[in-house]
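Peer 1: Hey, can you work out the whole structure from these sequences and the hints?
Per numbering that gives the first Met the number 0, the sequence shown runs over residues 0 to 924.
Keep in mind that a hint or two might mislead.
Mimicking BS3-like on lysine-lysine, the simulated pairs with C-alpha atoms at most 25 Å apart in a straight line are [said to hold, decoys possible]:
#1 429 x 455
#2 921 x 81
#3 905 x 654
#4 436 x 518
#5 469 x 455
#6 624 x 561
#7 561 x 81
#8 148 x 132
#9 505 x 455
#10 516 x 485
#11 536 x 516
#12 832 x 882
#13 654 x 109
#14 81 x 132
#15 436 x 342
#16 396 x 469
#17 877 x 921
#18 132 x 195
#19 436 x 485
#20 701 x 654
#21 291 x 877
#22 815 x 832
#23 536 x 518
#24 906 x 877
#25 905 x 832
#26 906 x 832
#27 697 x 561
#28 109 x 69
#29 905 x 872
#30 79 x 921
#31 624 x 342
#32 436 x 469
#33 436 x 516
#34 588 x 436
#35 81 x 69
#36 259 x 277
#37 612 x 588
#38 612 x 645
#39 485 x 612
#40 832 x 872
Worth flagging that the hints you see were computed from the coordinates, not collected in a lab.
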Amino acid sequence: MKSITLRYIVALFVLLVSYAPYAQTSIFRGLSVTEGLSDLVVNALYKDSIGYVWIGTGTSLERFDGVHLKRYLVSGNNEKLKRVNAIAETENNQIWMGNGMGLWRVNHEKRELDAIAAETIKCGVRSLLSDGKGALYIGSEAGLFIYRKGQLEHILIDPNVLSAANIINGLSFGENGILWMATSSGLYSLELENRKIVPYYFTVEDKHIYSYTNIARIGSVIYLGTMGQGIVCFDTRTHKFNSYLDVGCNVISSLSCDGKDLLYVGTDGNGVHFISTKQGKVVRSFQHEVGKGGSLRSNSVYSLLVDRDGLIWVGFYQLGLDYTLYQSELFHTYSYPPYFDTKDMPVRTITFRGSEKLIGSRDGLYFIDEQRGRYAGFSAPQLRSSMIICSYAFQGKYYIGTYGGGMYVLDPVTLTISDFEPHVVQPFVKGQIFCIKSDMEGCLWIGTSVGLFRYKDGRMLNHYTSANSKLPEGNVYEIYFDSTRKGWVCTENGMCIWDPSSESLKVDVFPEEFIHKEKIRTVFEDSAHQLYFLPDKGPMYISDLSMNHFRHLQPNTLLEGKDCMSMIEDDEGWLWIGTSNGLYRYDKKDTFILYHFIDGIPSPIFIFCLPVKDEQGRIWMGNSKGLIYMNTHAKGEFPQYNRSLKITDVFVNGKHPVTPAWSKDKVRVDLESSQNNLTVCFSALNFTDPSYMSYECKLEGKEEGWQMLMGRSDITYYDLSPGNYCFKIRRVGVADSEISMAVHIAYPVMAWIAGAAILIVLSLLCIFYFYKRKGKAEEIVELLPVAEAESKTAVTEEKYKTSKISLEECGRLTEKLEIIMHREKAYTNPDLKVADLAAMIGTSAHTLSYLFNQHLNRNYYDYVNDYRIAEFKHLIAKDEYSKYTLSALAELCGFSSRASFFRYFKKATGITPNEYIRSIGKTNE
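Peer 2: Written out as structure tokens, the structure reads:
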């Protein structure tokens with residue numbers, strides 16, 4: 000045990016949290032070729048006004064929505080000039096890119112890059128800066144260009160075109176209409192009103208030695224990055240230069256700021272550093288740490304972005320991109336620095352009394368009183384068992400139950416702990432104590448492994464067992480006193496009720512079909528006096544106090560298949576339910592809202608721990624990875640309502656993209672009759688862990704109910720009939736988050752009409768001709784081909800009739816097929832045949848061929864070979880396969896020969912395997 004006085008706590012706490020936002024731990028997620036990135040050199044990063052992150056690589060510009068990448072390849076033959084140097088945005092979400100070939104603009108409709116002013120800007124573009132008023136400032140290798148409303152102005156920094164001063168590497172707006180330019184020959188200012196240029200040189204021993212690669216401004220100070228001399232600062236008031244803070248590497252590859260205090264520094268050799276310019280020191284660093292998951296994958300940083308949501312994006316050389324995962328501030332994991340932190344701690348019990356907190360876990364007991372600066376921890380050998388199961392505040396003291404170590408009493412004044420009943424070995428010294436509660440008469444009730452105890456004023460009144468009372472056999476897990484003073488006693492083998500009027504336990508009061516014979520772990524009464532019973536397994540049970548109306552929770556809700564662990568009601572009358580797989584907010588009708596990682600919850604697994612609402616109205620819940628808390632009083636505290644969804648991409652018939660159109664403020668897609676397979680991609684643009692993303696969607700016109708998508712951000716509909724549909728997507732249980740897209744698939748009516756008209760005209764001409772030549776006999780001849788055609792049509796219809804399978808069966812077979820391919824990797828067998836694959840999923844080769852050709856709209860060989868190509872890309876990215884030859888890798892992936900592998904790889908990707916390997920920096924031959 001240790002107790003710490005307030006004055007020491009306050010001093011240390013202020014020191015630790017003075018820059019709390021920068022001291023938090025960040026876990027990075029990687030983005031590379033495996034996730035779809037086309038190139039592993041990430042040289043530029045930008046987040047646009049909609050929320051997309053744009054990634055500039057060595058060969059392309061990529062748009063990232065948190066799950067999907069949309070690629071805009073740079074055309075041209077000179078690979079060295081393709082690398083993206085800068086990205087910017089002007090009005091109406093116009094995205095601009097500069098590289099060694101010039102200036103480009105994203106054509107969203109054509110999904111390509113358009114070269115801009117190629118006749119004028121015949122040089123590389125190093126930097127871009129938008130003024131937000133329609134002007135784009137372009138720092139090039141031949142001076143400054145200003146692009147405004149289609150007009151281009153060229154300004155040379157030095158009259159000598161070949162001067163290094165005309166190589167502008169960075170731009171920043173200053174005060175009073177000044178544009179600051181970091182060049183390869185010093186710092187320059189441009190007065191935008193009169194175009195006056197002023198040079199500023201940093202000289203050491205009469206030598207001008209600095210060439211600047213990037214620039215950032217905070218107040219009156221400009222910070223400049225160099226490729227060998229670290230960071231330089233320049234005071235715009237005194238016009239004086241100085242060397243700035245050493246960050247352990249003098250190669251500054253990226254430099255930006257928040258405009259107020261923080262300077263974000265990326266280095267090519269020592270990772271990323273955040274500098275507080277007010278404190279003049281590094282307040283946060285991110286570096287590659289060998290053997291530590293979640294850290295940066297490399298210290299060779301080429302680009303750095305800290306976006307408006309506080310997410311950190313780090314681009315590397317030959318390793319792609321790392322970024323921090325978004326989490327809102329709805330939930331927090333409790334800590335009391337520097338002495339106590341519940342992170343990764345399975346919290347089993349919490350009890351609050353005023354400013355005091357008592358927290359029990361599987362590793363011990365912890366007492367915290369932040370207001371008075373007091374802390375104490377208890378575990379073995381002070382306790383016979385460190386596994387704390389329950390705790391309860393009663394008459395000024397805390398009563399603690401353990402598993403295997405009996406029961407203790409904690410005095411919060413002296414912070415001493417003692418045995419509850421040292422002379423009663425079972426259960427109070429060596430037994431299990433599962434719950435402790437008090438009734439309205441001031442009695443203390445204790446549920447144990449050997450029955451139910453009732454105490455008053457320190458004296459045992461009753462010890463109920465299955466032998467001397469109606470108490471069902473087994474451990475006593477819960478005692479709950481409702482508003483009518485009845486006590487609901489839950490054991491291993493059922494329930495009984497404590498009747499205060501007769502002071503006895505009763506089991507004959509339950510109606511038939513009640514839940515009293517099941518193992519109940521938790522009972523809760525809400526503000527409407529409804530009782531909720533949480534069984535050890537199975538659905539939640541709801542009843543009124545008199546048990547006249549009772550039922551299981553309705554089926555087909557988000558709680559189906561999940562075990563409910565704990566429950567509490569907020570001030571708005573909603574229930575918060577912690578389950579074995581997620582936290583849900585329930586309006587007691589039919590609305591469930593899921594909360595998980597993105598909302599700050601460390602783990603989806605909640606354990607049996609009674610939640611608490613403190614004096615400020617905050618709800619606290621025990622999680623398998625910490626004690627979490629939130630504030631349900633604050634307006635706008637539920638950020639799920641504020642994050643808007645976006646439909647990010649639409650594909651038809653596999654990989655053919657279509658661009659939705661806007662019609663009367665609505666998104667609409669018009670498709671031809673043959674475009675009947677539709678894939679819709681969507682995102683909340685929150686950049687969290689994709690596996691925790693959850694949505695509900697439906698296609699009106701095809702589906703009636705909503706279907707839930709967990710860990711998925713796209714959906715495909717097959718064999719859609721011509722007609723009108725409406726695709727709707729929303730967050731689970733959040734109706735206000737719904738967005739929609741109208742879909743129209745054209746009827747092939749015009750083709751039918753045109754064909755019928757031509758046929759009629761030809762028939763009439765034939766009839767007229769033959770009538771003239773041979774008379775009425777020709778009418779018989781005219782009928783024969785018609786009869787034959789009708790016969791052939793009938794045969795064809797019969798053939799397709801026997802071949803068709805239902806859409807439901809197609810969906811089931813497709814799911815089984817994907818499982819076989821993903822889990823068992825059937826494609827690695829080079830002798831795999833359609834019949835073999837059909838046998839694996841329990842169908843015939845004929846049915847599987849129909850599935851490929853009619854349902855998936857692709858042939859068997861393309862389907863299997865796509866998996867083999869994906870497996871090759873997966874293997875080639877791993878170091879352990881670096882010594883394998885291409886022939887060996889092709890064989891591992893299932894290709895029967897090197898030639899077939901090369902032929903299909905070129906067909907699928909447009910490049911050869913050798914070209915692909917070189918693009919990711921590997922050397923297999």
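Peer 1: Hint by hint, say whether it matches the structure.
Peer 2: Now the hints, each set against the structure:
no., hint, verdict
1, 429 x 455, "holds (22 Å)"
2, 921 x 81, "holds (20 Å)"
3, 905 x 654, "holds (17 Å)"
4, 436 x 518, "holds (19 Å)"
5, 469 x 455, "holds (21 Å)"
6, 624 x 561, "holds (18 Å)"
7, 561 x 81, "violated (51 Å)"
8, 148 x 132, "holds (10 Å)"
9, 505 x 455, "holds (21 Å)"
10, 516 x 485, "holds (18 Å)"
11, 536 x 516, "holds (13 Å)"
12, 832 x 882, "violated (30 Å)"
13, 654 x 109, "holds (15 Å)"
14, 81 x 132, "violated (29 Å)"
15, 436 x 342, "violated (28 Å)"
16, 396 x 469, "violated (31 Å)"
17, 877 x 921, "holds (10 Å)"
18, 132 x 195, "holds (21 Å)"
19, 436 x 485, "holds (13 Å)"
20, 701 x 654, "holds (22 Å)"
21, 291 x 877, "holds (18 Å)"
22, 815 x 832, "holds (17 Å)"
23, 536 x 518, "holds (8 Å)"
24, 906 x 877, "holds (24 Å)"
25, 905 x 832, "holds (23 Å)"
26, 906 x 832, "holds (21 Å)"
27, 697 x 561, "holds (23 Å)"
28, 109 x 69, "holds (12 Å)"
29, 905 x 872, "holds (13 Å)"
30, 79 x 921, "holds (18 Å)"
31, 624 x 342, "holds (6 Å)"
32, 436 x 469, "holds (20 Å)"
33, 436 x 516, "holds (22 Å)"
34, 588 x 436, "violated (30 Å)"
35, 81 x 69, "holds (18 Å)"
36, 259 x 277, "holds (9 Å)"
37, 612 x 588, "holds (23 Å)"
38, 612 x 645, "violated (36 Å)"
39, 485 x 612, "holds (23 Å)"
40, 832 x 872, "holds (23 Å)"
Hint compliance for this structure: hints 7, 12, 14, 15, 16, 34, 38 are broken, all remaining hints hold.
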